[in-house]
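Residue numbering for the sequence shown follows this note's numbering, beginning at 108 and increasing consecutively.
Calculated directly from the structure, the hints in this document are not laboratory data.
Treat the hints loosely; a few may be bogus.
To be verified - FRET-style restraints, in silico, Cβ to Cβ: (1) W123 x L150: 42 to 50 Å; (2) F139 x A198: 14 to 22 Å; (3) I142 x F338: 20 to 28 Å; (4) G251 x V149: 21 to 29 Å; (5) G164 x V320: 37 to 45 Å; (6) A353 x R307: 33 to 41 Å; (7) N119 x I346: 17 to 25 Å; (8) L254 x W357: 25 to 33 Å; (9) N119 x I317: 17 to 25 Å; (10) D248 x A165: 49 to 57 Å; (11) A165 x P126: 22 to 30 Å; (12) A131 x A165: 31 to 39 Å; (13) I271 x L181: 36 to 44 Å.
The model shown is predicted, which means the values in this text are computed figures rather than measured ones.
Note that the Cβ used here is the ideal one computed from N, Cα and C, for glycine as well.
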Amino acid sequence: MTWERSAPSASNPLAWSLPLFPIAGIHFRVHFTFIAYALIVVLRGSYGPAEESSVHGASTVGMAVGALFLLVLLRESTRALVVRASGGSAADVVLWPLGSLQGIDPAPGWLAALLSAAVGTAVSAVAFAAMGIALGMVTGDWIGAGLPDPISASWLSNPHAWWIDALWITHWTGAQLALLALLPMLPLDGGRAMEAFILRRRGEYETPRIAAVATLATASTAGLVAIVRDFSTLLTLAIACAGFAAFILWRLRAGDSVAAARPSWMAVHDDAEEREVAAE
108 MTWERSAPSA SNPLAWSLPL FPIAGIHFRV HFTFIAYALI VVLRGSYGPA EESSVHGAST
168 VGMAVGALFL LVLLRESTRA LVVRASGGSA ADVVLWPLGS LQGIDPAPGW LAALLSAAVG
228 TAVSAVAFAA MGIALGMVTG DWIGAGLPDP ISASWLSNPH AWWIDALWIT HWTGAQLALL
288 ALLPMLPLDG GRAMEAFILR RRGEYETPRI AAVATLATAS TAGLVAIVRD FSTLLTLAIA
348 CAGFAAFILW RLRAGDSVAA ARPSWMAVHD DAEEREVAAE
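Model the full assembly from the supplied sequences, consistent with the hints where possible.
Printed below as a string of structure tokens:
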């Protein structure tokens with residue numbers, strides 16, 4: 108959508124990021140929320156009470172943060188390549204802990220938008236199957252290792268080789284990432300799929316506003332559930348998605364205000380210029 112084509116600037120919070128490296132000519136950046144999240148997770152897992160964190164210990168937490176970055180990079184680089192191959196564009200892709208905030212712009216049409224949303228889920232499904240089979244074959248534990256509980260990391264309480272722990276943490280992190288990304292809130296994959304179906308029914312002009320309002324409604328519900336059930340991760344995600352949607356609505360309203368403030372003679376002048384260009 109239109110907000111995904113914004114160039115990095117100080118006035119655009121979605122672009123507050125640091126450059127990483129290019130992949131196949133596509134430049135990637137890491138958003139400040141990713142850096143802040145990584146620091147909080149590392150500090151909490153290293154120095155906080157063990158019962159307050161799913162993973163504990165500097166090395167274990169470091170593996171989890173590294174796994175999250177690699178999985179997000181894999182999902183979004185694949186998405187960017189698929190979108191570019193299908194007629195869209197991808198440049199200065201900004202990564203946050205659950206995907207990309209901007210920089211990937213699908214080709215016009217709801218099918219292209221739906222394809223872009225589905226890529227992340229497809230990548231996660233393939234990675235989940237590959238790592239699950241590998242862990243099941245190595246450990247013989249097809250349930251605890253191959254199909255991990257996304258809420259609990261108690262499987263790590265038993266001693267294993269470090270590389271088995273690293274693979275399991277990557278597998279477990281990937282399961283969490285895939286499930287959370289399915290929630291129907293922008294900028295998650297589920298939200299972008301919702302946006303694609305709205306685009307099919309309401310058109311490109313109305314879609315951003317409707318999708319943002321739907322995200323606020325879903326985030327409110329998810330936040331309430333998170334408070335009642337004491338799910339801190341879900342609560343944080345709901346707040347982040349609500350902030351994203353609020354920013355989109357603010358930008359849309361600002362654009363409407365600018366358009367409404369234009370003098371009538373300017374609109375007439377623009378129409379005349381368009382007719383002259385068309386005649387030539």
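Give me the numbers of the hints this structure contradicts, sorted from smallest to largest. Structure breaks hints 1, 6, 8, 10 and 13.
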